[in-house]
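Undergrad: Work the whole structure out from these sequences, hints included.
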Amino acid sequence: LLGFTGAVVVRRLAANPPALPWARPRLQLVLGLALAGGLATAVDQFVFGTGVTLGVLIRIAAEAVALALCMTIGRGAVPVGFVAVLVIALSGHAPRVDPPVPAIIDEAIHVVSAGMWAGGIVVLAALHPPGGWRGEEGRELIERFGRVAILALAITALTGVLRATQELTAISDLWATGYGAVLAAKSAGVLAMAAMSALTWRRGLPLARVEAALGLAVIGASGLLAAFPMPPGQA
Numbered sequence: 577l578l579g580f581t582g583a584v585v586v587r588r589l590a591a592n593p594p595a596l597p598w599a600r601p602r603l604q605l606v607l608g609l610a611l612a613g614g615l616a617t618a619v620d621q622f623v624f625g626t627g628v629t630l631g632v633l634i635r636i637a638a639e640a641v642a643l644a645l646c647m648t649i650g651r652g653a654v655p656v657g658f659v660a661v662l663v664i665a666l667s668g669h670a671p672r673v674d675p676p677v678p679a680i681i682d683e684a685i686h687v688v689s690a691g692m693w694a695g696g697i698v699v700l701a702a703l704h705p706p707g708g709w710r711g712e713e714g715r716e717l718i719e720r721f722g723r724v725a726i727l728a729l730a731i732t733a734l735t736g737v738l739r740a741t742q743e744l745t746a747i748s749d750l751w752a753t754g755y756g757a758v759l760a761a762k763s764a765g766v767l768a769m770a771a772m773s774a775l776t777w778r779r780g781l782p783l784a785r786v787e788a789a790l791g792l793a794v795i796g797a798s799g800l801l802a803a804f805p806m807p808p809g810q811a
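Going by the numbering used here, the sequence shown opens with residue 577, and the numbers climb by one from there.
The set of hints was computed from the structure by calculation and includes no laboratory data.
Take these hints with a grain of salt, some might be off.
[To be verified] Computed Cβ-Cβ distance ranges for the label pairs, DEER-style:
1. Gly-754 to Glu-712: 42 to 50 Å
2. Pro-597 to Gly-722: 17 to 25 Å
3. Ala-730 to Ile-649: 33 to 41 Å
4. Gly-627 to Pro-593: 19 to 27 Å
5. Arg-710 to Arg-588: 22 to 30 Å
6. Ala-764 to Arg-588: 43 to 51 Å
7. Gly-625 to Ala-752: 40 to 48 Å
8. Ala-746 to Gly-631: 38 to 46 Å
No residue lacks a Cβ here, since even glycine has one placed at the ideal position from N, Cα and C.
TA: What follows is the structure in structure tokens.
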């Protein structure tokens, strides 16, 4: 779903004048991958947990409807897809925080901003601009995305820190617990991506595939954190 958010952002940026028609990633593909991820989560909960949660069922339903709309009438897929994105905040650990509402809002903002930034980088890495990323159109899209990504990165970092204060009981949890170790690895990946992104946008370098690989690793770490039965702060 972070890839879906990134694809929507890239498509919107490419539609701004002058339009960049080559930069329109297929929503069918990212929605199909999102649906596969939702189904995998449901299977994991059914086999290894206490049962499939309502949030995951709503997510799967929204992803399926969005994919069907995208493949048929071609309209309405984006808002329905974002329902699935926001439901992620209700499917993780945030609802068990006391009080739950601020944690859920923080998680929802974190998921959307991370999708705009990390998801957008992964989507950009799959595109092939005419003339390459050093060409005029490639550099134009990177500049457009950079303005959005800087703000999204700042919001992702801020909301991530706020969530960490709710999930951890002490700084030692970062190396003394499995949850903390994954969180530390995710944070290191985010910092590395931020440094590479700054170098890319400031010096006009070609988009690095390593940056996209780090984005996938960060997304994977996020999914692993959500799969942990109980973070230290809630144990």
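Undergrad: For each hint given before, does the structure comply? Return the numbers of the non-compliant ones in rising order.
TA: Going through the list in order, the structure violates hints 4, 6, 7 and 8 and respects the others.
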